[in-house]
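Participant: What follows is each chain in one-letter form.
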Amino acid sequence: MRALIEELCSVFGPSGQEERIREVITGHLDGLVDEVRTDRLGNLIAVKRATVKSERGKRIMLAAHMDEIGVMVTHVDAQGFCRFTTIGGVLTNTLIGSRVHFANGVEGAFGMEGSPLARERPTPQKLFLDVGADSKEDARVQVGDTAVFRSSFGAVGDRLFAANLDDRIGCAVLIETLRELESSPHEILAVFTVQEEVGVRGATTAGYGLEPEIILAIDVTATGDFPQATPMEVGLGKGAAIKVMDRRMIAHPKVRSWLEETAQAYDIPYQLEVLEFGSTDAAAVQVSRAGVPAGTVSIPCRYVHSPSQVADYNDALGAVRLLVNALGSEYPS
Amino acid sequence: MNELLEKLSRARGVAGHEGEVRAILREELAPHVEDLTVDSIGNLIVRKGGSDSSVRHRVMLAAHMDEVGGMVIRVNGDGTVKFSSVGGLDPRILPGKRVTIGAQAVPGVIMRAPHAARTGKRVTPISDLMIDTGGAGGFEPGDMVTFESDYEEYGRLLKGKAFDDRVGCYVLAELMKGSYPCELVGAFTVQEEIGLRGAGVAAYAVEPDVAVALEGTVADDLPKEHDVSPTTELGRGPSISVMDRSAHADRRLVRILTETASAHDIPWQFKQPGVGGTDVGTIHLAREGVPAVAVAVPCRYIHTPAALMDPTDVGHTLELMSKALSGPLGRPLGGRVE
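Protein chains in written order, with my numbering: chain A, 1 to 333; chain B, 1 to 338.
Pulled out of the complex, with its shape left as it was, chain B reads as follows (with noise of 0.2 Å):
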């Protein structure tokens, strides 16, 4: 569908090893914005300028490059390789899948520890889970371990890895090309899987007066037993976050996107409250405080292999967010704080 998106889906990168996908949008941004710089801790930042002069208003849009994955701790003498998880794998669906490990991509298929074959039990921890690379070297303890998944179209859908967050990326990422009344600031974040770190130290450096989270989310949207809540669902437009574990949202920036959306059309949904945490975690309580947002794309299948999105969700994000910072998000906020 779209050869950004499927670099930034193929690119490997778990937290503390976001180079590739760094590199990758540095190369397509440097012609498109003011200022280009990469801080202490590995977030790219991207600026550029109000086309309004008289517009005093910082707004920064924030996507992390970091995806799930795993990282060797210990090589053994058979060739086989243990592994800790970064961020929230789930090992249901691990034994089984292809891997590729370090800088040189090294190919390996995760299987049970043999002791753990023998337990009989139905799910075997990360711990008693290991790679088999068939005796390949060329990797170290500390070296990142990567889904290995190719990005392709399933139907109407798009399949890949890492939509979580690299959908964010290549929507904010176009947003950058476009011209606003305001500044914006873009942060593309690392280490965002475990525990929203680089946002924080984004947001107290561009000290934006709001701020929003791109983000790739949770689709649950099969059939259920009962009537209850799916937290986003395909094809029903980006999700606007209320509330998660990590933050409540400023309720001035949920009217001013969910008016934007009915304002033009644009199909939008809550996610369900309560679930997930993003970067406005750590966004929303830096210096002073900066009243933030989630806006996500939603995806089934997140943190596996085999993440599957509609890109008219894709679309329908991009063309929300570029309205609205073209409109009210592109100027100050006003009114009370709810």
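Isolated chain A (complex conformation) (with noise of 0.2 Å):
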């Protein structure tokens, strides 16, 4: 899965436009599931037909998230130089000094007016993109493009560094579940969603278009373990998150007890997640239609939404173990 985790991670994808990401992963979908199919919006649906009959099937959505955050051009000048702005929750102090790519391979820079030695918090209103032209007419860019934060794929023993281990590394929990999962009572609905940093819409439309009877998102989760971090009871290395609540989800009660029953039957090391700001794909899904009971695994990931995340390679192979365990057998009564 290590291999596939940087393969994802080096696929672009900003919100809105998750065809090329889309294609890579329904690449790897080859053989796992029954049937692939891309809905309106573009989420991608892959459904693994229940092995064993039992009573006690029941439909279950699971959801990662394709897109990446990003930024869109909105101004090219008459130097080349572009105003962009955010797709997504884009962090404005990480800006300066990381490198954003374009669709058509065209790299970016940030730059700030004024002097670089000026200690002044930067603004987005200050900010702009160098794309290496000297011209409007030279750039290689136009208004309404798009590109996405890179820095190089890194490892140290087990630790992962990337820009957008959120959510591709769910993505790829997401497939090797889908490897693994041998038999299961269960219909599995495993969405691969789009536009999820932009206000979770694409779980939205597949929620509502499934009508799953559980929701599970996958996703990245932060963590208390640095520095004067907020506090927070998760940490990297510690094994795969169960979701206790976020922003906008309380997890079923259910749903939560299943996958931590299931940890403890199967000796998974995991952690209680509570997370105080953001939120899942699960949190549109939970309230679609009637309702639908909702529970998160995620992988704990420093961070998060910097071009810098950091994510331990175990805690992605804990959760692909969790799920596999639980999907494989039945849902509690």
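Please note that a few of the clues may not be correct.
Claimed, not checked - In silico BS3-like links for lysine-lysine, alpha-carbon gap of 25 Å or less:
| no. | chain 1 | residue 1 | chain 2 | residue 2 |
| --- | --- | --- | --- | --- |
| 1 | B | K97 | B | K177 |
| 2 | A | K126 | A | K136 |
| 3 | A | K254 | A | K53 |
| 4 | B | K7 | B | K177 |
| 5 | B | K224 | A | K136 |
| 6 | A | K126 | B | K224 |
Think of the hints as simulated: they come from the structure by calculation, not from any bench.
Take the two lone chains, each set in its own frame, and fit them into one complex as the hints suggest.
Facilitator: What follows is the structure in structure tokens.
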């Protein structure tokens, strides 16, 4: 799965333009599922039918989002510098010094008006993108073009470094879960969603269309294990996190206990997650139609929404084990 | 310039009080459409079958009937009126503006409350503004407050209130009079300015294959200190949204519109991405999702009593939409989602 994570992290896919990452993921689903389709907003839906007949079998939707945060060009000035707006929750103070890539291969570096020695906090209005052009005509980008953050994929032992582990590591976990799940009493609706970073939009329409009985999102979560961090009982390398609550969702107690009991039964390390900001696709599906019991399996990740995100490979492996064992057994009555 | 546009601009209708606008559109369109209904939230939905029975494709066009304004929240003993905003009002432009209140259009003028006048603050928040009606009655808490403003010509431009989004209503009404290969549903929506509320309900009921929101949008094209983007510019044709705060446009629809414009020599511009929101925000999330895009007529001083727009932009917006509906927009959307 390590190679898969690295591969997925290399593919362009800002919110609203997920076609390339969707194509790559589709390739990896070959032979793993019974049906693959793309819905009207671009969500990639892979269906794996139940292999074991059971009255307690459920329709379980698993959601990992394909999209990543980025920037969009709003103006190209006479000298070829670009003004931009953000796509998703980009943190302005991470911009200076980071690099973006456009779909056509053009690189962008961030600059700020005024002296580089000034100790001014960057604001989006003062920042611009240098796309290697000398004039508007020379610039190989135009208004509406998008770019994603890129830093080289790195690893130190089991610690992985990339700009978009959020949520390509979750996509990899979902693919790997489909690969390792040999038998299940449940119909698995694996959805690689679009536009999560701009308001869980893909999950909103997929949840409506699929009418699942249970929703599990697979996404990264923040941690509290670095110097002076906001207190949070989640750290790297301590296992996948089972969500209790975030800003938009309280996990269904039965979904949560199903995951917890599975982890305990199979000796899978896990941690409980209470996230005081952010949310996941599960929040959108939870309130779809007449409501869907929801939970989330999270992969702890430091510096989420910065161009250098850090996660522990073992937590991703743990998430796969947890999901495979939970989905392979019956949902508690 | 135009009788229907003038009537629509003069009509009073903040969110939740769209009846007058709806009545104008009903009367205008009754002879031109096959079906005309008002739904439970107040959207006016008009339908017209396609001219080509082999085409199974339903296009929904949406334009919102409501305008920004206020609501009476208390009538004071001295005849002054406390009000709140309904939609995005800029408190900096309010003092001294003339308004009309309630069904009887009682005239009044916005003033700073005496205690606020003494604080010396440059900008008085809406909570410290009031309306002086000279003691007139004839309204009560809950009644709407609208800007009083004539529809008139300023040079080559048109001036009036509520071009956001009566110009969209006008374009949509004119489009409904035409004939296209696809089934066309016009949704004149309510409560856009307070959260895109009517459009989501309409899209759920209509179940369109694709949708286009027709809008009046911000033009800030006066000279700037730096070489930065205007949101849109007057006279440069309809603006097409790629992304705003409410939605990402379906890129196939963006391409259909830009290619149609180029093919027919119709000027067009991208709206500066990241700014504002339209009915597309709720339409594209209806049911299993609806590919959608917003097309707008640029207006200076939007959300004020005196918006200015260029009649050539209105004409070009109408022309672009009409050509697109007769062409690729009126046919099923091919290709994969981008």
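Participant: Evaluate each hint against the coordinates.
Facilitator: Status of each hint after checking the structure:
Proximity of B:K97 to B:K177 is assessed by CA-CA distance (about 37 Å); at most 25 Å being required, the pair is judged violated. Among the hinted pairs, A:K126 with A:K136 is consistent with the structure: their alpha-carbon atoms are about 19 Å apart, no more than 25 Å. With a CA separation close to 22 Å, the supplied pair A:K254 and A:K53 stays within the 25 Å bound. Our distance criterion of 25 Å between C-alpha atoms is met by B:K7 and B:K177, whose separation comes to about 18 Å.
As the CA atoms of B:K224 and A:K136 are separated by approximately 18 Å, the hinted pair is consistent with the 25 Å bound. Restraint check for A:K126 and B:K224: satisfied, since their Cα atoms lie roughly 15 Å apart, inside the 25 Å limit.
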